[in-house]
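Chemist: Assemble the whole structure, with the sequences as input and the hints as a guide.
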Amino acid sequence: NAGVTQTPKFRILKIGQSMTLQCAQDMNHNYMYWYRQDPGMGLKLIYYSVGAGITDKGEVPNGYNVSRSTTEDFPLRLELAAPSQTSVYFCASSYLGLAGTNNEQFFGPGTRLTVL
Amino acid sequence: AQRVTQPEKLLSVFKGAPVELKCNYSYSGSPELFWYVQYSRQRLQLLLRHISRESIKGFTADLNKGETSFHLKKPFAQEEDSAMYYCALLSPGGKLIFGQGTELSVKP
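Line by line, the protein sequences give chains A and B.
Take the first sequence: its letter number 51 is residue 51 in my numbering, and every next letter is one higher.
Take the second sequence: its letter number 9 is residue 9 in my numbering, and every next letter is one higher.
If you are wondering where the hints come from, they were derived from the structure by calculation, not from laboratory data.
Remember, predicted model here, so these are calculated numbers, not experimental data.
C-beta: ideal position from N, C-alpha, C; glycine also.
Take these hints with a grain of salt, some might be off.
When the alpha-carbon atoms are kept at most 27 Å apart in a straight line, the in silico BS3-like pairs for lysine-lysine are as follows [claimed, not checked]:
{"no.": "1", "chain 1": "A", "residue 1": "Lys44", "chain 2": "B", "residue 2": "Lys9"}
{"no.": "2", "chain 1": "A", "residue 1": "Lys57", "chain 2": "A", "residue 2": "Lys44"}
{"no.": "3", "chain 1": "B", "residue 1": "Lys15", "chain 2": "A", "residue 2": "Lys44"}
Under 10 Å between C-beta atoms, here's a sample of chain A residues computed to sit facing chain B [stated by the list, open to error]:
{"no.": "4", "residue": "Gly40"}
{"no.": "5", "residue": "Leu45"}
{"no.": "6", "residue": "Val50"}
{"no.": "7", "residue": "Phe106"}
{"no.": "8", "residue": "Gly108"}
{"no.": "9", "residue": "Pro109"}
Modeler: In structure tokens:
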């Protein structure tokens, strides 16, 4: 199993450009997540999905969009990139069961994005 | 409101010294808590979860509902323990709420 994979690893964007961060998992997990990690701020949830065709906003969704057409893929779209979106982006997945079962989230390696 | 607080941004200790990384939470109900670790240039990975009551790499964490705490402890720190540590709370709906993180630096 490859686990959770993300592409690209690094990207530099100009203000106003758009791009899609790719995320895929091969563990047949129902839940997928996108986080951003800013220095000293921990991880903030951008969007998440509980299954194909279902997405919902997290804590910081503005400026981003997502889709979940398959169980495996959960791309994150940035429209009109702004310097405030400079961050490290992590995708994660989990199989959410009942409370007390294994609800571990598995993380991708991250995408380091700089907007200039 | 559900919240996780890690009061220390940086914790620096010498090798062999005891370590305690603090985590406090705010949650009504029975919390499900985790510690995640991020070593340099690596992805986040689960260190331990409170429901397992396990010890991983010498680390333990006990849930104290009275103090709403889930501190991470290790009696003798090693240099390879240097990393970023995140405490996290599982909220209804499957979302993890992370603390701000504590950078642990273990000096030789």
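Chemist: Now, for every hint given, state plainly whether the structure supports it.
Modeler: Hint check results:
1. The hinted pair formed by Lys44 of chain A and Lys9 of chain B meets the criterion: a straight-line CA distance of about 16 Å does not exceed 27 Å.
2. Between Lys57 of chain A and Lys44 of chain A, the direct Cα distance comes to roughly 11 Å. Compliance with the 27 Å bound is thereby established for this hinted pair.
3. With a CA separation close to 32 Å, the supplied pair Lys15 of chain B and Lys44 of chain A exceeds the 27 Å bound.
4. Using the Cβ-Cβ criterion of 10 Å, the hint placing Gly40 of chain A at the interface with chain B is satisfied: the shortest such distance is roughly 6 Å.
5. A cut of 10 Å between beta carbons decides the hint on Leu45 of chain A: the least distance to chain B is about 6 Å, and the hint holds.
6. Nearest Cβ of chain B to the Cβ of Val50 of chain A: about 7 Å, under the 10 Å cut. The hint holds.
7. The closest approach between the C-beta of Phe106 of chain A and any C-beta of chain B is roughly 8 Å, which is under the 10 Å cut-off, so the hint is satisfied.
8. Interface hint at Gly108 of chain A: satisfied, since its Cβ lies 6 Å from the closest Cβ of chain B, which is below the 10 Å cut-off.
9. Taking 10 Å as the C-beta contact cut-off toward chain B, the hint placing Pro109 of chain A at the interface holds, the least distance being around 5 Å.
Violated hints amount to a single one, hint 3; each of the other numbered hints is respected by the structure.
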